[in-house]
Every structure is written in structure tokens, then in C-alpha cells.
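Please put together the full structure from these sequences, using the hints given.
Chain by chain, the residues run as shown.
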Amino acid sequence: MVFNTGAALLDAVVLAVVSREEEGTYGYKITQDVRQVLEVSESTLYPVLRRLKKDGCLEVYDKEFGGRNRRYYKITPEGRVQLNLYRSEWKRYSMRISEIFEGGENV
Amino acid sequence: MNRTEYLERLAFLLQDIPTEEREEALEYYEDYFEEAGPENEQRVIEELGSPEKIAAMIRDSVRGNSGEGEYTENGYYNKRYDDKNKMPGKRKKESWHFKGDRNRNIAVLILIVVLAFGSAIPAIAGAVFGVGGGLLGLAGGFLGIFVGLGGGCIGLIGGGIGLTIAGVVKMFTVLPTGLMMFGGGLVMIAVGILLMLFWVWILAKILPALVRAVVGVFRKLFHKEGETL
Chain P
1 MVFNTGAALL DAVVLAVVSR EEEGTYGYKI TQDVRQVLEV SESTLYPVLR
51 RLKKDGCLEV YDKEFGGRNR RYYKITPEGR VQLNLYRSEW KRYSMRISEI
101 FEGGENV
Chain F
108 MNRTEYLERL AFLLQDIPTE EREEALEYYE DYFEEAGPEN EQRVIEELGS
158 PEKIAAMIRD SVRGNSGEGE YTENGYYNKR YDDKNKMPGK RKKESWHFKG
208 DRNRNIAVLI LIVVLAFGSA IPAIAGAVFG VGGGLLGLAG GFLGIFVGLG
258 GGCIGLIGGG IGLTIAGVVK MFTVLPTGLM MFGGGLVMIA VGILLMLFWV
308 WILAKILPAL VRAVVGVFRK LFHKEGETL
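These protein sequence lines are chains P and F, in that order.
Quick note: the first sequence uses my numbering, first residue 1, plus one each step.
Quick note: the second sequence uses my numbering, first residue 108, plus one each step.
Since the hints were derived computationally from the structure, they do not count as laboratory data.
A hint or two may mislead.
Covered by chain F, per the in silico footprint, the following chain P stretches (three or more residues, Cβ under 8 Å) [unchecked claim]:
1. 19-28
2. 72-81
3. 88-99
If you anchor each label on the Cβ, the simulated ranges turn out as follows [said to hold, decoys possible]:
4. Phe3(P) / Thr126(F): 35 to 41 Å
5. Thr111(F) / Glu22(P): 33 to 39 Å
6. Arg116(F) / Ile100(P): 44 to 50 Å
All C-beta atoms, glycine included, are put in the ideal place defined by N, C-alpha and C.
As C-alpha cells, this is what we get:
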């Protein structure tokens, strides 16, 4: 991808990926899902998940899977509010860019 | 490097962050390896990058200054993790080591040299006189030993004569004591005579040589100084 992804956009994508699963999802799966849309390194996600958890946007719980504990990440109500903010911001931002690129008209 | 080594290295590098944070991070990456499966172990290690890089990212995140990085097309990028930026370039070597104007520096340098020499002359003179004084003191010491030796042998001979005479007198009253005193007196006289011989030898041989040596050294020193001044 030619365009760099800022920290806020990565936060938004991670929140969106996690919010798709009602029961929450785990680190490896989040990484793979995010990597389907953004070219980020596998090492990138841990600091992001850690920060979102600390900010109260995500919560974690452990569930037994295959004889061991798997840590699940789940979106919180605060996280949903934040995600909705990101969504509307993105809509405005992408619309303006698209208009410039495709419409050629002044907004 | 395998998974165990990788995680051990990471644990070692994260020693400076709080225990809870460290354990959580290590659990995450352990889980990550577990989910990826053993067949993907090497690929994951390559993808994650060096433990040093991961540790730096976690540390930054824990300390709350993760805003510097950017997620570029090549993944997360923070110029502080870039090896190319770690070492500053070698500075150009300067030919002149002093700061400031060159001409002024030369003048200062000349002044320093002149001052050094100016203070060196009294220092040299002091050293010469010091050495001379030391030699003179040494000579005086020898003279003192010589005089003392002379006095010592005079005393020994005198005392010996006295003791011998006293012994002879004592022999008439208490014979053993008198004999002892007489013998002791004779021994004292003998030692006195020996010392006198030694003294005469010093007077004849050593003393003139010593005086000659001291005078010679002084003559040499003053002669030399007269040349430099």
C-alpha cells in the first residue's frame, strides 16, 4: 500500500475486527484479520491491543481451548462508542478524498 | 533461533518493565506461537522480527510514548528502531586543535613557552644549589663522624689508662676485681689504639679524596651554569 496507516486508523480497524465477534476473538486471529486489509507486521498488534485494553475499549478473558488457556479480546461499550466515532470520521474523510479524486467538484 | 530461545531472549530484554506487563506480553507471544502452530514457527519468528525490536516496541508502549511510530506500507515504522539511524556519522578531523583565531593562538602559545622558560631558569638554579647543598651536608656529616671517631678513641685510650691504673691500685685490696679492671682497661686502650689507626687512615686517605670530590662537583656545576647564563 502506498498510503501510510496512522495509529488512529489502525486502532479503528482493530476495534472493527474485534467487534465482529460477539464472544470476542484472540490475538493471532485479530492479527490475521487485520493483515487481510492492512499490511502491518505481526509484531505491531500487541502494543495496539495493549493500549486499547488500557484505554477501556477492549476487555480480556481467558477461555480453555485445546487443553490450554486462550486469551480473548472483546469490545466494551466504550470501545463501541469509540468505533462509531472512527466510523463517522472515516466516512467524512474518505468522502472528501473520493470527491476530489473522482468528482473533481468543489465541496 | 527457535521459539523457546526467542521467548527467553524477549523475557531477558523486558526485565526493566513491570512484572505484570512483562508476563502479559510474554503470554501473548507464547499464545501467538501456539496458535500459529509448530509448522509456522520459523515464519512467525521471521515475521515478528528481532526480539530486540519487539522489546523496544513493548517498552515504548508501556511507557506511553508510542505515538512516534507510523504504520507504513512495510509495516510499523519508527525511525528509532531503524538500525541505520543508530550511529551518528564520524566527524571530520580537525587539523588545528585549539579553538578560535589561529594567529592569536600562536601568540598565546609563544607566551606560554616564554613563561615556561622564564620559570624554568630559577627552577634550574634552585636544583643546582639544592644538589650542592646536599653534597655539602653529606660532607659535613662525614666530617662529624670523623671528629666523633677521633674524640671516641681519645676517650677510650684515656679511660683505658685510668681503668688500668685503678685496677693496679684495686689489686692490693680486692684482687679479682682489680684484675678485672686492669684487663678491661688494657682492652679499652687496645680498642682506642685500633680506632686511632683507623682515624689516621681516614685523615690521610679518605678525607682529602672527599674534599677533592666535593670541590670537583661544585666547580663542575658552577662552570656549567656560567656557560648557560
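Whether the CB-CB distance between Phe3(P) and Thr126(F) falls inside 35 to 41 Å: holds, 39 Å
Does the stretch 19-28 of chain P contain three or more residues whose Cβ lies closer than 8 Å to a Cβ of chain F? holds (count 3)
8 Å C-beta test of the stretch 72-81 of chain P against chain F, three or more residues: Violated - the stretch 72-81 of chain P has 0 residues with a Cβ nearer than 8 Å to chain F, which falls short of three.
How does the Cβ-Cβ distance of Arg116(F) and Ile100(P) compare with 44 to 50 Å: does it lie in that range? With a Cβ separation near 48 Å, Arg116(F) and Ile100(P) satisfy 44 to 50 Å, so the hint holds.
Do three or more residues of the stretch 88-99 of chain P come closer than 8 Å to chain F, measuring C-beta to C-beta? violated (count 0)
Kindly confirm whether 33 to 39 Å is satisfied by the beta carbon distance between Thr111(F) and Glu22(P). holds, 35 Å
Checked against the numbered hints above, the structure breaks hints 2 and 3 and satisfies the rest.
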